[in-house]
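J.: Now for the letters of each chain:
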Amino acid sequence: KAGVTQTPRYLIKTRGQQVTLSCSPISGHRSVSWYQQTPGQGLQFLFEYFSETQRNKGNFPGRFSGRQFSNSRSEMNVSTLELGDSALYLCASSLGPAGGARETQYFGPGTRLLVL
Amino acid sequence: AQSVTQLGSHVSVSEGALVLLRCNYSSSVPPYLFWYVQYPNQGLQLLLKYTSAATLVKGINGFEAEFKKSETSFHLTKPSAHMSDAAEYFCAVSDLGSGYALNFGKGTSLLVTP
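Chains as they are written, first to last, in my numbering: chain A, 1 to 116; chain B, 1001 to 1114.
Simulated from the structure, these hints should not be mistaken for laboratory data.
Where is the CB? At the ideal position from N, CA and C, for every residue including glycine.
If you anchor each label on the Cβ, the simulated ranges turn out as follows:
{"no.": "1", "chain 1": "A", "residue 1": "PRO97", "chain 2": "B", "residue 2": "ALA1017", "range": "37 to 45 Å"}
{"no.": "2", "chain 1": "A", "residue 1": "ASN59", "chain 2": "B", "residue 2": "GLN1045", "range": "20 to 28 Å"}
{"no.": "3", "chain 1": "A", "residue 1": "GLN17", "chain 2": "B", "residue 2": "THR1055", "range": "43 to 51 Å"}
{"no.": "4", "chain 1": "A", "residue 1": "THR38", "chain 2": "B", "residue 2": "GLN1045", "range": "16 to 24 Å"}
{"no.": "5", "chain 1": "A", "residue 1": "ILE12", "chain 2": "B", "residue 2": "HIS1082", "range": "32 to 40 Å"}
{"no.": "6", "chain 1": "B", "residue 1": "LEU1056", "chain 2": "A", "residue 2": "GLY3", "range": "22 to 30 Å"}
{"no.": "7", "chain 1": "A", "residue 1": "ILE12", "chain 2": "B", "residue 2": "GLY1062", "range": "34 to 42 Å"}
{"no.": "8", "chain 1": "B", "residue 1": "GLN1045", "chain 2": "A", "residue 2": "SER22", "range": "15 to 23 Å"}
{"no.": "9", "chain 1": "B", "residue 1": "HIS1082", "chain 2": "A", "residue 2": "GLY3", "range": "22 to 30 Å"}
{"no.": "10", "chain 1": "A", "residue 1": "GLY40", "chain 2": "B", "residue 2": "SER1026", "range": "15 to 23 Å"}
{"no.": "11", "chain 1": "B", "residue 1": "GLN1045", "chain 2": "A", "residue 2": "PHE69", "range": "20 to 28 Å"}
{"no.": "12", "chain 1": "A", "residue 1": "LYS1", "chain 2": "B", "residue 2": "SER1014", "range": "35 to 43 Å"}
{"no.": "13", "chain 1": "A", "residue 1": "ASN59", "chain 2": "B", "residue 2": "THR1072", "range": "21 to 29 Å"}
{"no.": "14", "chain 1": "A", "residue 1": "PHE60", "chain 2": "B", "residue 2": "VAL1029", "range": "20 to 28 Å"}
With the hints as constraints, model all of the structure from the sequences given.
T.: In structure tokens, the structure reads:
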């Protein structure tokens, strides 16, 4: 069974632009969670989607948004990029009904975003 | 609020020696506890997970961790380190207060020397 895939793997943007990252979960998984990883702040939870609805949200500004499609694929969008948004963005998928990490979350390889 | 503290941002062991990575947590409700490993340029891989069953949890690649409620600890151990164990290790806690999102520690970089 294929794992979690994230596209693109690397991205370079400039301040003020917006970016969209994509995550395809493992087949049969209906929950997708997003995390940001930076050297300074470490790994931080962004949001979780289940059945096309945001089920949980971390403490990030409104510039960070996401959505989930009927096939469980998810996208996250960051608008008006800032230098501090440079990070590795990881998504994780799980079966979904229980919510969050109560079910094993399987992580993708991440998208590395560099904001210049 | 829940939090995780990993003692030691860098740990160095010799090949064949015991690996001990320390993790202390705070949670006001029974937590789920995890250890993840991250190799360079890769995502996170689950090593093991505590879900209030047995306090000694065995994971992949010979790792295990013991949940000690009285000490609020969940230390990761491996009897004999291999060169391939060199990686970044993250302890995480998840509970009702966070909607069961993963709350990670800062990570411990494990170096294995020949």
